[in-house]
Every structure is written in C-alpha cells, then in structure tokens.
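*Asks:* Sequence lines, in order, name chains A and B. According to my numbering, the first sequence is numbered sequentially starting from 38. According to my numbering, the second sequence is numbered sequentially starting from 12.
Keep in mind that the hints were calculated from the coordinates and are not lab data. It is possible that part of the hints are untrue.
[Claimed, not checked] With beta-carbon atoms standing in for the labels, derived distance ranges:
1. Ala327(A) x Ala204(B): 35 to 43 Å
2. Asn416(B) x Ala68(A): 51 to 59 Å
3. Glu196(B) x Lys175(A): 49 to 57 Å
4. Glu422(B) x Ser114(A): 16 to 24 Å
5. Arg161(A) x Glu422(B): 52 to 60 Å
6. Arg432(B) x Asp57(A): 43 to 51 Å
7. Asp211(B) x Ser114(A): 24 to 32 Å
8. Gly160(A) x Gly113(B): 51 to 59 Å
9. Ser413(B) x Ala327(A): 49 to 57 Å
10. Gly160(A) x Ser413(B): 34 to 42 Å
11. Glu262(B) x Ile106(A): 49 to 57 Å
12. Arg390(A) x Asp195(B): 37 to 45 Å
13. Gln35(B) x Arg390(A): 34 to 42 Å
14. Gln147(B) x Ala110(A): 38 to 46 Å
[What the hints assert, rightly or not] In silico DSSO-like cross-links for lysine-lysine, where the CA-CA straight-line distance does not exceed 30 Å:
15. Lys175(A) x Lys165(B)
16. Lys188(B) x Lys46(B)
17. Lys262(A) x Lys273(A)
18. Lys27(B) x Lys112(B)
19. Lys273(A) x Lys39(A)
20. Lys175(A) x Lys188(B)
21. Lys431(B) x Lys221(B)
22. Lys111(B) x Lys399(A)
23. Lys399(A) x Lys46(B)
24. Lys399(A) x Lys92(B)
25. Lys39(A) x Lys271(A)
26. Lys46(B) x Lys111(B)
27. Lys92(B) x Lys111(B)
28. Lys27(B) x Lys165(B)
29. Lys111(B) x Lys188(B)
30. Lys81(B) x Lys301(B)
31. Lys165(B) x Lys188(B)
32. Lys72(A) x Lys81(B)
33. Lys111(B) x Lys221(B)
34. Lys81(B) x Lys201(A)
35. Lys27(B) x Lys92(B)
Every residue gets a Cβ at the ideal spot worked out from N, C-alpha and C, and that includes glycine.
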Amino acid sequence: MKPELEQLVHRAQQLYEDLDLAAVRTWKQAAPGRKAIGYMPIYVPRELMHAAGILPVGILGGGDRLEIIRGDAYFQSYICHIPRSTVELALSGRLDVLDGMLFPSIGDVIRNLSGMWTMLFPGRYVRYVDVPQNFDPKVGGAYWRRELETLQGDLTRLAGRAIKDDDLRHSIAIYNQNRQAIRELYQARSWQPWVYPTSELYLFLRAGNVLPPEEHTELLRQYLKLAPLEEDRKEKDHSRVVLVGMFCEQPPLGLLLTLERAGCWIVDDDLLLGMRWLTGEVEVEGDPLANLVTAFLEQSTATASRYQPEGDRGRALVESVQHNVAEGVIFCAPSFCDPALLDQPMLIAALDRESIQHTQFKYSEDTGQFAVIREQAGTFSDSIRLWSEA
Amino acid sequence: MSEHSVEKEQSMLLQKQMIAGHYQALARAPEEGRKTVYTFVPGNLTELLRSFDLLPVLPEINALQSGMRKLSAGYIAEAEKYGHSEDVCTYVKCDIGMLKKGNISPTGTQLPNPDLLLLSYTGCFTFMKWFELLRQEYDCPVAMLHVPYQADGKIHPHHRDYVVEQLRSEVIPMLEKISGRRYDEDRLRASLALSVYAEDDLVWVLESAKNTPSPIDAYFGGVYYIGPIFSAFRGTPEGVEYYRTLRQEIEARLRDGLGPITPEGSMGRERYRLVVEGPPNWTSFREFWKMFYDEGAVVVASSYTKVGGLYDRGFRHDPDRPLESLAEYCMGCYTNLGLPSRVELLESYIREYHADGFMINSVKSCNSFSAGQLLMLRQLEERTGIPGGFIESDLVDPRYFSSANIKNRIESYLQMLEQKRGTKVGA
Ligand code: SF4
Ligand code: SF4
Numbered sequence: 038m039k040p041e042l043e044q045l046v047h048r049a050q051q052l053y054e055d056l057d058l059a060a061v062r063t064w065k066q067a068a069p070g071r072k073a074i075g076y077m078p079i080y081v082p083r084e085l086m087h088a089a090g091i092l093p094v095g096i097l098g099g100g101d102r103l104e105i106i107r108g109d110a111y112f113q114s115y116i117c118h119i120p121r122s123t124v125e126l127a128l129s130g131r132l133d134v135l136d137g138m139l140f141p142s143i144g145d146v147i148r149n150l151s152g153m154w155t156m157l158f159p160g161r162y163v164r165y166v167d168v169p170q171n172f173d174p175k176v177g178g179a180y181w182r183r184e185l186e187t188l189q190g191d192l193t194r195l196a197g198r199a200i201k202d203d204d205l206r207h208s209i210a211i212y213n214q215n216r217q218a219i220r221e222l223y224q225a226r227s228w229q230p231w232v233y234p235t236s237e238l239y240l241f242l243r244a245g246n247v248l249p250p251e252e253h254t255e256l257l258r259q260y261l262k263l264a265p266l267e268e269d270r271k272e273k274d275h276s277r278v279v280l281v282g283m284f285c286e287q288p289p290l291g292l293l294l295t296l297e298r299a300g301c302w303i304v305d306d307d308l309l310l311g312m313r314w315l316t317g318e319v320e321v322e323g324d325p326l327a328n329l330v331t332a333f334l335e336q337s338t339a340t341a342s343r344y345q346p347e348g349d350r351g352r353a354l355v356e357s358v359q360h361n362v363a364e365g366v367i368f369c370a371p372s373f374c375d376p377a378l379l380d381q382p383m384l385i386a387a388l389d390r391e392s393i394q395h396t397q398f399k400y401s402e403d404t405g406q407f408a409v410i411r412e413q414a415g416t417f418s419d420s421i422r423l424w425s426e427a
Numbered sequence: 012m013s014e015h016s017v018e019k020e021q022s023m024l025l026q027k028q029m030i031a032g033h034y035q036a037l038a039r040a041p042e043e044g045r046k047t048v049y050t051f052v053p054g055n056l057t058e059l060l061r062s063f064d065l066l067p068v069l070p071e072i073n074a075l076q077s078g079m080r081k082l083s084a085g086y087i088a089e090a091e092k093y094g095h096s097e098d099v100c101t102y103v104k105c106d107i108g109m110l111k112k113g114n115i116s117p118t119g120t121q122l123p124n125p126d127l128l129l130l131s132y133t134g135c136f137t138f139m140k141w142f143e144l145l146r147q148e149y150d151c152p153v154a155m156l157h158v159p160y161q162a163d164g165k166i167h168p169h170h171r172d173y174v175v176e177q178l179r180s181e182v183i184p185m186l187e188k189i190s191g192r193r194y195d196e197d198r199l200r201a202s203l204a205l206s207v208y209a210e211d212d213l214v215w216v217l218e219s220a221k222n223t224p225s226p227i228d229a230y231f232g233g234v235y236y237i238g239p240i241f242s243a244f245r246g247t248p249e250g251v252e253y254y255r256t257l258r259q260e261i262e263a264r265l266r267d268g269l270g271p272i273t274p275e276g277s278m279g280r281e282r283y284r285l286v287v288e289g290p291p292n293w294t295s296f297r298e299f300w301k302m303f304y305d306e307g308a309v310v311v312a313s314s315y316t317k318v319g320g321l322y323d324r325g326f327r328h329d330p331d332r333p334l335e336s337l338a339e340y341c342m343g344c345y346t347n348l349g350l351p352s353r354v355e356l357l358e359s360y361i362r363e364y365h366a367d368g369f370m371i372n373s374v375k376s377c378n379s380f381s382a383g384q385l386l387m388l389r390q391l392e393e394r395t396g397i398p399g400g401f402i403e404s405d406l407v408d409p410r411y412f413s414s415a416n417i418k419n420r421i422e423s424y425l426q427m428l429e430q431k432r433g434t435k436v437g438a
C-alpha cells in the first residue's frame, strides 16, 4: 500500500477502534461551548444538529472490542447485542462526552432503550425520534414537520443558539455533499470491488460517525482518489454479492474480511444505512424544514423498519442485485433481530421469483469465530459462480 | 363455593358463547357476503369496524387460543419450515403456521381470508412485519395506522391530529371501499357510548382487587375479563351485558368475602398479593396459574390486562369526540408507553393494591414488552423497597416453558417474601 493511502486507512482504523470517542472530545475542546449528540441507527435528521453547531455522533454499540461487564445485567439472553454494549459504553463513562442521545424508530429494542436511558441517566437529553410511517405530505408530512420543529426547539436550547434557516440550508448542502461522496464511493465499489474492498470502505464510512460531515466528505474523497492508485488491487475470480440485514447491530470487521476471503465481492449492502437513508439530494433553496420533510417522505431508502405502502417488499433488493450486477444475496442479520429476520422471508420470496440465489446466517457484533461463516460463504460463492458459468 | 362457581360460570358461559358465535359468524362470512378485517388488539378500532358492519379478526387472539389448545407448537414448526427464524415473535409464526395449515380457527371453524389488513401500528414494531407477511400470503389491501409512541408519557396534540388525519384520509376511505358503505358517524357514536358502559364495569372489576382478600385474580383471571373488550365486542350490546354480568358476580364474591375463582374452585387463603408485569404463557397457562394459587398468591394488578387500553387510569371512549377518542385510545395502550411511564404505573399498582411483591414474566417473543424489563425490575425495587421476582418463558412456544424451573423460582420468591414478612414482624 502506498504511504498516503496507508495513512488514510490507518486514520480510519483508529477512529473505528476508538471506543472512547477521543475524536469527539478533541472536536469539543477545540472551541468553547461545543456540544455533541449521539444517535443510534437508523435515521435521524443530522442536518438539524449540524445547523445548531452540534456534532452528531453515530453510536453503533461496542463491536467486538468491548468487554461487557455491566451491560449483560440489563438484557435477557434473547435480546440482540447492540443495546447491552451501548449500555456498557455509557455506564463505563465512554459516552459522557455526549450532551444527549437520539433513539430512532428502528424497532422495539432501540425504542425501549430510549426509556431506559431516561431512567439510567436522568437529566441527560434523550429523545425518541418517531418517524412517520404515513407518506402523505398533508398527514405524515405535517406530523413530521411538527416533530422536526420540536427537535429543533430542543436543539436550540441545548446549543444555546437559534437555528436560522440559512444555517439549516447550509447544513443540508453539507450533508448533500456527504451523501453524494458516499454514493460515488458505492458506485465505484460496485464497478471495482477489488479497488474498494468493503472491509476497508466500511472503515471510511464509520469515520462519519465521529467526524464532522465536512471532514468526513474530504476523507471519502481522498479515499476515492487514492485507492485506484494501488496497482496490486486486481480483479479476482470472486462472486458479486449483495449483503442484507446489517442496518443496525454492526458485524465485526472480521466478518466482512471473512466474506471477502471466502471469495465474495460485496457490491452493495445496508451497512450504516442512516448515512445513506436519503437516496437523493435534499433541496437547498426554500423552506429548509419543508425540504427535509419532503426528502424523508419521497427519498427514504427501502428497509425493514420503514413501511412500504405499495407493499412490494423485496423490489428494492432485486433492483440492487440487478443494478450492481450481483450474482447472489447474503442475508447476514444479527441474532434476535426481529426487524431483519421478519423481513427475510419476504425478501427471499422476491429473490426466488427472480431466481436470484441467496444464503443466510446470523452474527452478533462480538462474534469472534468465522470458520463456519467462511465455509458457508465460500460454498455459496463457488455455487453462484458455477451457476453463472452454466 | 359451588353457588359462586355457577355464577362465575355464567359470565364464562356468556363469553364462550360470544366467542363461539363470533367464530361461526366468521366462518359464514363468505357465504353471507360479509367482509372481514384482520387487526391487532392494541389500538383496535372495533367500534369503527362494526359501524361498517365489518367483522374483526384478531390474529393475536387466534395465536393465544392456539397456544392454550396446544396447537401452537405445530404451527410454529410449520412456519419455521417455511423459513421463519427461530428468533422471532412466536405469535407471528403461530399465525403463519395456522394459515399454512388451512386457516382453521382455534375453535375448529374455517377462518375467512381478510378483505383488509388494518395495521394498527401501536406499541409493537412486529405488527408491521406481521401484516406485511400476511399481505404477501393473502394479496389483499392494507390500511396502515401509524400511532406515535408516547415516549414521555404524554399525548401531544399533533400526535392525536396525526392519528385522526390517518383515520380520515386512509382508514375510513378504505373501510368505505371494502364495505361498500358510507361512514356513519352517528352509528359510531352509538357504539362508543356502549363501550363506556363496558369500560366502567371492567374498571370496577379490576379495581375490586384493592380489597383484601381480592375477589379476583387480575392476571390469570384478568385475561378472561379483558377478552371481550380487547377483541371483537367493545361497543356491542353483548359486550355491555358480559361486563354487567361479570361485575355482578364479583360484587357477590366481594360481599361474601371470597377470593378469586380458579380452575379448581375458590382460592384458599390469600397469602401473597402480587403485581405482575408481562404477558402470561399460554401453552401451560393452567399449570402456570396453579403455581400461584397453590401458594396462596393472588395477582392484584397486572400490566398485561392494559395492552388493550388503560381504562383504569381514566380513559374512556367519548361519543362526542369519536375519532379523537379513538386516536387517544390507540396512543394510550400499555406497550405504547415509554418505559418510565410503565415503571410509574407498576409502582402505583404496587402501592394502590397493597402488594407484597411483584413479578415480571419476561417472554422471549416480545421485544416490545421485554426489552428493558431488567431495568424496570431494579427501578421498582429501588422505588418501593420491595424485591421483585423475574421469570422467563414464552407466549406460545412450549419449548420455552421450563416448568420445574419456573415453579422453583416462584416458590423461592414467595418464600423470600415470607421471610421478609417474618423479619418485619420480628423487628
Ligand atoms: S439489532 Fe435488530 S433487534 Fe437489535 S436493536 Fe437493532 S434493529 Fe432492534
Ligand atoms: S412482539 Fe409482542 S406485542 Fe408484538 S406481536 Fe409479538 S407478542 Fe405481540
């Protein structure tokens, strides 16, 4: 690896491994009065925080690098892992740097975690972000606008400064740039997954959890520029797969590496979906809150926790397979994740109708053994290559 | 005792007849040209459906009935065979398995296919997935009613407006289309007026447990008492009659100083008064209940009997504000409340009902109920100074009902309460 890229990857890796949120502390210390707010998966309107001068910080649990000492005492064995590691992060003081937490409506576990937070950390700002499941502008749109206004009011108080329309327009533009860079990166990976292996791309995405969006966009752009300069990144006889089910509790990095080593190029995924929730540009001119509302109603991505009035679950996945010229789908969901696992049979039915191959397994963010997954993914990869050659 | 058990049987008989009659009506629905709407217990809109002459089907009730009749294990296995994960809510799998095996209701009658899936998205994320799955099976329309969560325990005006607007713009037009009838608000009002009678009587019955000894068990008995009002009979004359009869029976028990009726007759001496959080297990329901009444433990209040509405905290359907009150009803169901509100409610039950202890039955299926219950346990212990008990089981998957283990836990918990009592007396 050339030194420039090596440095860049090293930086992303450091940010990924930093459970103490040192980057957030540094950012806060750089100017007096700075505030940071954590948010869990999946979608929150980060633009509003940014416009208030608050740093939005993505909190995705503790991964495989956190020893759970107290968190397990709060959750039964049949509940997924992310809430226990998140509670562990908080009880161990690692989230003290945050001035509040937002809990999006992704499912009942995160929803209930918002109430737990209120009880565990009285006095801290906590909000459950209940996005609309009705997409009529006059109904769901009107509701969402009121919710955003309330959130805006809260953030104004927290930040100690009003959020002006121009601030919000500026923030929308900043996040548009960020989403654009991510889209370009995804497109580039889809074309040349050997240049942007997912185990690396993922680190760069994750950096967006703790960096201000301007800096994150710059980092992504550098990566986009530097990765293709690596001469040894060559096309291999791998299969092209889409990964689904990882929109909340994150897989350990080792799992992504394992899939790649097993012969799978990941050409699309639902990792860190919150960063890519809005599939297009948010209008910058005009009423910025209205623009955020419209973007949510019209440009939200298809995923398990968002209702699809038209009902054709699986269509987006089939389109992703087609658009990315994938040969198969790997369902890779956290154990006990009702949203992902209840969605699966519907997605599978859609794939079967199109004769798209698939396989499935479960993980936990702290899974440390990948031998079985490697074998299964390897067999799957071989079989779809055989299939496509046949 | 026998006299009272006969009286008790009158309300039970009535309920049995009502349920059987409803399943029969459902079985006849296709030939009679009646339309059916599948929907959920929390946030159910029974009066509204009935005002269009539509028949409600409640898949949760089918699942729990299948559990009680030992049918659920087979249904769950069937659903798992079709690729449904071992990890997810067993109500969903029980329902899907039942459908795959011909959609025969727990009473043995044929269930009609839905003409509409009314997705009252109240207090549980899984509801959305459940009906999305059914939509694929039945290929029928869905009306979504998104009910905002009361994270801070308050109903905000714009939340209510949002639900009302959805009723007006999404649900009612869909019901009109399915039924071929116009929305008749007067009919809805009349039905809501009937609801209030039943709600008043239900609250009286539930609150009778404040007496010592309690004339009812508000969990194991309570699940029978909530049956009609949480399902197809709110806002109907049969519903009103059922609750009037039930109330009279409990009034008589109270007058006679009797404890709750159990499957084995009147309970003996009341030794422990408990508050219970979480749904019961259905596959071993009687065995589970027996573990309590054999020890003289009576449940004086439970949160499960509030999943279809918190009437005991003052909510009533209001004929003068029909859609607004339906909206408030949906938002106020127990699992739609933030955890701090749930803890406050349980704490107030422990105090108001003079409970000696409280227990959480944590069911594997239900993230909505279960996620956070261990913290609820600690909070309640801290706030009341009373130690809590914690047991784990499932709703309708018998694989997760470990009888010996649960019995052991209940017994040791009650022994601990006894010891505590002894210490207090000695002190
Ligand atoms: S991993 Fe799944 S079940 Fe767990 S909190 Fe996330 S969405 Fe909910
Ligand atoms: S998750 Fe809980 S509330 Fe939801 S359908 Fe299952 S049992 Fe009912």
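*Asks:* Starting from the range 52 to 60 Å, see whether the pair Arg161(A) and Glu422(B) falls in it by beta-carbon distance.
*Replies:* 40 Å, violated
*Asks:* Looking only at beta-carbon atoms, does the pair Gln35(B), Arg390(A) fall within the given range of 34 to 42 Å?
*Replies:* 38 Å, holds
*Asks:* Hinted pair, alpha-carbon criterion (30 Å max): Lys175(A), Lys188(B). Please report holds or violated.
*Replies:* The hint holds at about 21 Å.
*Asks:* Using the Cβ atoms, figure out if Arg432(B) sits within 43 to 51 Å of Asp57(A).
*Replies:* The hint (43 to 51 Å, Cβ to Cβ) holds, given that Arg432(B) and Asp57(A) are roughly 48 Å apart.
*Asks:* Would you mind confirming whether the straight-line C-alpha gap from Lys72(A) to Lys81(B) stays at or under 30 Å?
*Replies:* Distance of about 56 Å is beyond 30 Å: violated.
*Asks:* Check whether the Cα positions of Lys46(B) and Lys111(B) lie no farther apart than 30 Å.
*Replies:* Since the Cα atoms of Lys46(B) and Lys111(B) sit roughly 21 Å apart, the hinted pair holds (cutoff 30 Å).
*Asks:* Next pair to validate is Lys81(B) with Lys301(B); report whether the Cα-Cα distance is within 30 Å.
*Replies:* 18 Å, holds
*Asks:* Given the hint that Lys273(A) pairs with Lys39(A), test it: the Cα-Cα distance must not exceed 30 Å.
*Replies:* With a Cα-Cα distance of about 21 Å, the restraint between Lys273(A) and Lys39(A) holds, given a limit of 30 Å.
*Asks:* Given a hinted range of 16 to 24 Å, is it respected by the beta-carbon distance of Glu422(B) and Ser114(A)?
*Replies:* 23 Å, holds
*Asks:* Do the alpha carbons of Lys111(B) and Lys399(A) lie within 30 Å of each other, as the hint requires?
*Replies:* 26 Å, holds
*Asks:* Do the beta carbons of Gly160(A) and Gly113(B) sit within 51 to 59 Å of each other?
*Replies:* 56 Å, holds
*Asks:* Are Lys111(B) and Lys221(B) close enough, with their CA atoms no more than 30 Å apart?
*Replies:* 45 Å, violated
Hint check: violations occur at hints 3, 5, 7, 23, 28, 31, 32, 33, 34 and 35; the rest are consistent with the structure.
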